[in-house]
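There are 2 protein chains.
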Amino acid sequence: MTAMHITPPVKGGPIFQEIARFRGILFDALLRPHNLTMAQGWALSLLMREEGLRQADLADRLNIATVTTSKLIDRLEARGFVQRRADPDDRRTNRIYATDSARSLFDTITSARREVDAMANAGIDADQLEAAMTVLDQMRRNLKAALGDRDD
Amino acid sequence: MTAMHITPPVKGGPIFQEIARFRGILFDALLRPHNLTMAQGWALSLLMREEGLRQADLADRLNIATVTTSKLIDRLEARGFVQRRADPDDRRTNRIYATDSARSLFDTITSARREVDAMANAGIDADQLEAAMTVLDQMRRNLKAALGDRDD
DNA sequence: TAAATTTATTTAGCTTGCTCATCATATGCA
DNA sequence: TGCATATGATGAGCAAGCTAAATAAATTTA
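Those sequence lines, one after another, are chains A and B. For the first sequence, the UniProt record's numbering gives the first residue as 1, with consecutive numbering after it. For the second sequence, the UniProt record's numbering gives the first residue as 1, with consecutive numbering after it.
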């Protein structure tokens, strides 16, 4: 008989997808009462710190495609959290500004993030967590580089 | 004057979302020539190992909502990778079977996963990687528990 | 047995994200 | 100056998730 082949439990598995998804569900649930989502929260956090970003800048900061910012800003604008203003020096460009209504949610967003982190990191040693985050940061850089190498 | 408050670079940041998304883009690009996506690949991998899973079983294994499996299986079926068969003992239930066409892609899926892992893990010490994965596994369990606690 | 509850799947509708393609405007080079 | 190329935003269309709600069938309980 041939060597028994026990299929291993799919080494890496979709663990990154799962963690991201679980975090998103919890985050969204916390923000939902404020008519906000996690993705919108990340975008607003940025826009509160950097006034008048262009959509392309925002895409760059969030590591998403520029086309994705279009509809994201549509929704933020529809909810009254941002304004698009024409750039006086470049007629192609929009400058995005967070409204006061958005700013009033800053603490909400921050504490939702802390809450999700607390749930995720429960029972994990601080040093091990720190080391793991360092590894994750390297992964992100590796993957981003791999994405860049695709077309350029 | 009050203590200067320098906004920190958003501690955790959306690093989990970014890694998951980057991995997905690379994975999808590798599988695209075979008319397959990452999510479909994970599902097929499972269905090849466990014949005749119900849709709810599949959802459970993949940690996705049962409603999500519905359309996922629609697409897999449309591509000829799976078949839905009626369960003879329970008329509510579908049993899902991977086709030969799907089975012929097993190696493709496996090597795509290896390729993405290789890109992500480049230059990372094996022990550190192992330790990080252990931390991630704990995070996943924590988050899944937190999700379960929401309604139950 | 009949009614109430649970379970499996699906439909409807939303959000996020992608690729591919388009349009308008800037910029750079001959 | 004038054309070619690059850039900023958007539109169309698809995939994968979700929540909420509907339907049908099975199971439990009164």
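If you are wondering where the hints come from, they were derived from the structure by calculation, not from laboratory data. Hints are not guaranteed to be accurate.
Because identical chains cannot be distinguished in the list, a pair is counted as satisfied if it fits within a single copy or across any two copies.
[What the hints assert, rightly or not] Once the Cα atoms are required to be at most 25 Å apart in a straight line, the calculated SDA-like pairs of lysine to any residue come out as:
hint : residue 1 : residue 2
1    : K71       : R21
2    : K144      : S111
3    : K71       : D28
4    : K71       : L26
Numbers of unmet hints, in rising order: none
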